[in-house]
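Asks: Here my numbering is used: the first residue of the sequence shown is 1, the next is one more, and so on.
The hints are simulated quantities; they were obtained by calculation from the structure and are not laboratory data. Just so you know, even glycine gets a beta-carbon here, dropped at the ideal spot from N, CA and C. A hint or two may mislead.
As the list claims (entries may be wrong) - Label-pair restraints from in silico Cβ distances:
(1) LEU193 x ARG39: 20 to 28 Å
(2) ALA122 x ALA200: 36 to 44 Å
(3) ILE155 x ALA122: 27 to 35 Å
(4) GLY80 x ARG33: 21 to 29 Å
(5) ILE119 x LEU193: 34 to 42 Å
(6) GLY80 x TRP196: 15 to 23 Å
(7) ILE69 x ARG39: 26 to 34 Å
(8) PRO68 x ALA42: 36 to 44 Å
(9) LEU123 x LEU199: 18 to 26 Å
(10) MET57 x PHE34: 43 to 51 Å
(11) ARG91 x GLN197: 28 to 36 Å
(12) ALA42 x TYR178: 41 to 49 Å
(13) GLY76 x LEU35: 40 to 48 Å
(14) ILE69 x ILE8: 45 to 53 Å
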Amino acid sequence: MSGFLTLIALGFSLSVDAFAAALGKGAGSGSGRFLDALRIGAVFGAMEAGMPVIGYMVGLVLAAWMQPIDHWIAFGLLFGVGFHMIFEAFRGDSADETAANAVTAIETAPGDAGRTRWIRLALAATATSIDASVVGVSLAVMDVNIVAAVIVIGIITTAMATFGVLIGRKAGSWMGHYAEATGGAVLIIIGALIVWQHLAQGI
């Protein structure tokens, strides 16, 4: 159960970038249609779920070398990603604004540019999920079931991004920065718990 709860926490932490971008989109366009929000959420969810697989494969290749210090590597990666998320949240990073603008294009672009606007949305989803590939390395050293991780992360991100679009009009984009900072803090806490568990076991 603790492993599943860790996946849930990771899923929420990794989904906050998509949530922030979706909030910005909702605040900017005022769209409240559920099907539009769900389509956007599904794109973000697919990208967020796929990125950890890349890092996971890298982690498997290096598993033998990393085994003696795997817990410290997991902590370092999670701390780095978490700190970066917190830093960007308080800095007012333009990445979320760029992603939000790209998401808004799905409804504002002319009909002939339908393919282009979906490509823009996919690129925005990729931009907000890059950190997940780094976390994927941690999943490998933590010996996490990658299939379960992909499913959990994908479902949570889809739900978070969809929810973000729907509430963005009323909540405003400012909420995304607080969510991103919280997600970063959770990643750091997870990393610290991994190290504590290993130290408590005398490893």
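Asks: Does each hint hold? Answer for all of them.
Replies: Hint-by-hint comparison with the structure:
| no. | hint | result |
| --- | --- | --- |
| 1 | LEU193 x ARG39: 20 to 28 Å | 36 Å, violated |
| 2 | ALA122 x ALA200: 36 to 44 Å | 43 Å, holds |
| 3 | ILE155 x ALA122: 27 to 35 Å | 19 Å, violated |
| 4 | GLY80 x ARG33: 21 to 29 Å | 38 Å, violated |
| 5 | ILE119 x LEU193: 34 to 42 Å | 39 Å, holds |
| 6 | GLY80 x TRP196: 15 to 23 Å | 18 Å, holds |
| 7 | ILE69 x ARG39: 26 to 34 Å | 43 Å, violated |
| 8 | PRO68 x ALA42: 36 to 44 Å | 40 Å, holds |
| 9 | LEU123 x LEU199: 18 to 26 Å | 42 Å, violated |
| 10 | MET57 x PHE34: 43 to 51 Å | 35 Å, violated |
| 11 | ARG91 x GLN197: 28 to 36 Å | 32 Å, holds |
| 12 | ALA42 x TYR178: 41 to 49 Å | 25 Å, violated |
| 13 | GLY76 x LEU35: 40 to 48 Å | 42 Å, holds |
| 14 | ILE69 x ILE8: 45 to 53 Å | 26 Å, violated |
Figure legend: structure checked against the earlier numbered hints; hints not met, in rising order: 1, 3, 4, 7, 9, 10, 12, 14.
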